[in-house]
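4 protein chains.
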Amino acid sequence: MTEPLRITVWNENVHEREQPEIAELYPDGIHGAIINGVQQLLPDASMTAATLEQPEHGLSEATLAETDVLFWWGHRAHDAVDGAIVDRVAQHVLSGMGLVVLHSGHFSRIFIRLMGTTCSLRWRNDGDRETVWSVAPGHPITVGVPDPLVLPEHETYGEFFDVPPPDELVFISSFSGGEVFRSGLTYRRGLGRIFYFSPGDQNYPIYHRADIHRVLANAAEWAKPRVERALPQVSNRPRGWFQDESIAE
Amino acid sequence: MTEPLRITVWNENVHEREQPEIAELYPDGIHGAIINGVQQLLPDASMTAATLEQPEHGLSEATLAETDVLFWWGHRAHDAVDGAIVDRVAQHVLSGMGLVVLHSGHFSRIFIRLMGTTCSLRWRNDGDRETVWSVAPGHPITVGVPDPLVLPEHETYGEFFDVPPPDELVFISSFSGGEVFRSGLTYRRGLGRIFYFSPGDQNYPIYHRADIHRVLANAAEWAKPRVERALPQVSNRPRGWFQDESIAE
Amino acid sequence: MTEPLRITVWNENVHEREQPEIAELYPDGIHGAIINGVQQLLPDASMTAATLEQPEHGLSEATLAETDVLFWWGHRAHDAVDGAIVDRVAQHVLSGMGLVVLHSGHFSRIFIRLMGTTCSLRWRNDGDRETVWSVAPGHPITVGVPDPLVLPEHETYGEFFDVPPPDELVFISSFSGGEVFRSGLTYRRGLGRIFYFSPGDQNYPIYHRADIHRVLANAAEWAKPRVERALPQVSNRPRGWFQDESIAE
Amino acid sequence: MTEPLRITVWNENVHEREQPEIAELYPDGIHGAIINGVQQLLPDASMTAATLEQPEHGLSEATLAETDVLFWWGHRAHDAVDGAIVDRVAQHVLSGMGLVVLHSGHFSRIFIRLMGTTCSLRWRNDGDRETVWSVAPGHPITVGVPDPLVLPEHETYGEFFDVPPPDELVFISSFSGGEVFRSGLTYRRGLGRIFYFSPGDQNYPIYHRADIHRVLANAAEWAKPRVERALPQVSNRPRGWFQDESIAE
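Residue numbers (my numbering), protein chains in the order written: chain A, 30 to 278; chain B, 30 to 278; chain C, 30 to 278; chain D, 30 to 278.
Don't take every hint at face value.
Which copy is meant is left open, so a pair is good if it fits within one copy or across any two.
[Stated by the list, open to error] The list that follows gives simulated cross-link-like pairs (lysine to any residue, SDA-like), each with its CA atoms no further than 25 Å apart: (1) Lys253 <-> Ser149; (2) Lys253 <-> Pro33; (3) Lys253 <-> Asp116; (4) Lys253 <-> Asn154.
Quick caveat, the hints were computed from the structure, so don't treat them as lab data. Since we're looking at a predicted model, the values are computed, not measured.
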């Protein structure tokens with residue numbers, strides 16, 4: 030349906046600009062690292078960055094209309110995201126645009142809006158080893174991903190993660206301190222598909238890893254729309270409309 | 030945990046006050062009919078009405094704190110419900126209060142908030158026969174409910190109903206014109222339980238039926254909280270907290 | 030992963046050989062009609078028939094090993110299917126082969142084996158109109174399928190259909206007599222994907238319809254394996270195996 | 030519906046009779062430990078043991094007919110369980126009897142039958158700490174259960190656990206070596222409810238713990254039938270049967 034795949038990677042881009050140690054880890058920004066990595070796996074994809082400081086946060090109506098899958102990374106500046114932009118993104122997701130929410134994006138306004146829950150969780154930042162296990166072998170998002178995928182050091186996220194029970198549970202992580210976390214979750218909402226993937230704290234070079242690029246590339250392919258974008262609408266048609274061509278939709 | 034069960038039935042109470050033909054059908058209001066019917070099946074329950082025109086729509090913090098299960102009926106006045114009250118109800122649901130959303134309540138602000146989708150659907154009002162089939166025999170909500178439950182005349186709701194895939198699909202309705210509708214749906218959100226049940230248009234005497242009372246009474250029992258009310262919170266505790274009593278929660 | 034797609038259409042092929050009126054409806058057999066129709070939509074696919082009367086019912090180990098997706102149509106001769114062949118098919122499905130079970134195949138030994146339930150349902154054969162509604166717009170199986178898909182005359186299947194709650198509910202049918210039926214269901218089992226689709230009684234020319242071919246072609250694409258075929262195995266490896274290459278799998 | 034609750038605890042009872050070190054750990058058998066513990070929490074329940082060496086493995090038709098919830102512990106002697114008894118138990122579960130499958134019971138014939146998958150998993154027995162986390166706060170099975178529930182030493186079970194995606198994921202365990210396991214799973218099958226709970230290896234005194242008793246008692250209450258026992262049956266009734274009392278079921 031959509032060839033080539035058009036991916037927009039949104040990043041609040043605050044840590045990288047304000048903290049030299051993060052800038053050193055991500056000299057092209059987290060968005061740049063994601064684009065560099067995923068582009069190698071999806072050479073035909075059209076990948077673009079959008080960031081908070083741009084006009085309309087880089088998410089104009091025109092940009093979203095031409096985006097098949099939107100990646101979302103945010104952390105410190107969730108509240109700086111304009112409500113009208115959140116509305117706009119939600120409309121596009123419900124109309125069929127794919128959305129991949131990353132790490133601390135669990136607390137983004139767009140994710141909370143689409144989930145309807147607090148999206149709260151446990152966390153501590155002690156550089157634990159995170160081991161990401163697949164519980165859905167054969168799922169398109171796990172193809173080519175090592176099982177387990179081992180992150181030698183990462184921030185710890187732990188349950189209870191207050192999200193709706195997912196349509197599909199894809200990954201579960203354990204941390205060396207003993208916590209577990211549902212780290213890969215799929216949701217269908219409206220005509221859109223949402224994937225949440227928890228690895229990716231700004232303090233660790235997660236987005237430079239080939240195995241993580243593989244998950245993100247798979248997620249983009251999985252989340253892309255299969256049909257014309259259209260927001261579900263209330264419909265009032267007369268009895269028998271579906272059998273009478275003169276009154277059919 | 031909560032004995033006796035405390036149920037608050039919220040109704041916008043507009044049709045009954047403004048349209049004589051509806052007032053004739055529901056002289057005690059839709060809320061009154063629900064309370065009269067469910068009370069017979071749950072004689073120990075404490076049942077109270079709350080309506081839009083009351084201060085805080087009858088949904089003060091104190092009222093919600095003492096409500097185990099909230100029923101919600103609204104139609105014409107969804108936009109008249111104050112956003113702060115919607116926030117308050119959402120917090121209570123995520124903290125464990127049960128919520129039973131009825132019929133046109135699919136477009137209520139509280140339901141859209143908790144679902145994250147448009148909650149749109151097809152409709153037409155032609156007095157079709159609605160036949161409500163159970164697809165979850167043995168589920169507590171279906172116990173004692175005729176299968177099928179036949180409503181000789183009702184408004185037609187049809188798919189696509191834009192809600193998240195439910196945790197459990199309990200009822201599916203057909204209409205004599207050919208439409209189908211997922212008419213009984215359960216959701217867990219936060220610590221709370223939500224049941225959506227579509228029968229109940231104001232133009233038909235649905236809420237005077239014993240079989241409908243049975244569904245509503247079952248839903249109340251099913252949705253009631255099992256644990257202390259508590260909003261899921263972000264938590265940051267040191268490594269190993271769960272093994273060291275001195276730092277445990 | 031598998032190009033071109035290799036589809037085997039299994040049919041018990043009893044009605045067509047024993048009943049002239051069915052032979053007239055399906056001169057090439059139900060399997061022939063399915064192959065003729067789907068092949069037009071998937072011109073690159075390699076499509077083969079297999080039938081009950083062939084050695085090993087046409088389902089040798091070699092055939093299954095080279096089958097990406099197996100369609101299954103059976104009705105009168107479920108008990109004539111050899112248990113060893115049922116075992117073999119089950120192993121291939123759990124190892125990743127796709128399976129599309131059609132109509133009265135709900136009572137096939139392979140479907141009951143994989144579901145674990147009785148797979149019983151209501152039925153009556155009165156030539157009702159069946160209206161197949163999508164409840165998963167945007168799902169790959171619904172792309173290009175009319176919503177609703179109307180079958181002017183068909184056998185009636187009704188709830189309660191005793192199958193596990195599906196991973197995804199794709200279609201719901203209504204019948205002019207009032208019954209409803211969950212007519213399109215997806216399941217993941219092992220590494221395999223299963224789709225059950227209820228239209229297709231031998232007395233009606235369902236498999237000559239282009240809209241039905243579209244559903245079947247979509248289902249084949251959806252069900253095809255994404256990874257190397259492998260039966261899930263019990264695994265006993267030493268502590269830390271996933272971090273020590275010398276002991277890794 | 031069923032008062033008092035009638036629980037039958039089935040145990041193959043082989044380790045306890047053949048290995049003195051297990052007999053020392055479980056002088057009353059694993060079944061005895063479970064009964065002793067759960068009875069304290071459900072003083073009104075009628076609890077009975079049944080074991081492999083009894084006639085019909087202690088699972089006569091009469092016994093099952095009077096059992097609301099059956100617990101199942103097996104490990105070394107799965108193949109010694111008679112196929113006819115497995116059939117009988119399956120029929121009762123699909124008819125509404127609750128089933129709680131414990132630990133190595135994942136490889137029991139009854140569990141494989143009802144799941145339809147291989148039910149294989151990873152394992153190693155190194156005395157790791159197992160930490161059992163709730164991912165369904167408010168679920169009846171988690172009420173009063175510490176979160177996390179910590180088992181200082183236990184056998185390790187790890188993913189991929191080849192079972193159908195559960196209706197509800199209740200618990201996830203981590204092990205000190207890094208593995209994760211979906212350790213508490215619910216399934217509806219036919220009219221019955223099934224709960225799988227992984228803790229409980231014979232080499233560890235798991236079933237002497239009060240927190241484990243709490244899980245088991247909750248599971249029994251959750252799994253008990255709500256309706257008359259009845260196996261789902263194929264049904265063939267004339268058009269309109271549900272509106273004509275003379276032909277209704």
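Outcome of the hint check:
no.: 1; hint: Lys253 <-> Ser149; verdict: between (27 Å within a copy, 23 Å between copies)
no.: 2; hint: Lys253 <-> Pro33; verdict: both (11 Å within a copy, 23 Å between copies)
no.: 3; hint: Lys253 <-> Asp116; verdict: within (20 Å within a copy, 33 Å between copies)
no.: 4; hint: Lys253 <-> Asn154; verdict: neither (33 Å within a copy, 37 Å between copies)
Of the numbered hints listed earlier, the single one contradicted by the structure is hint 4.
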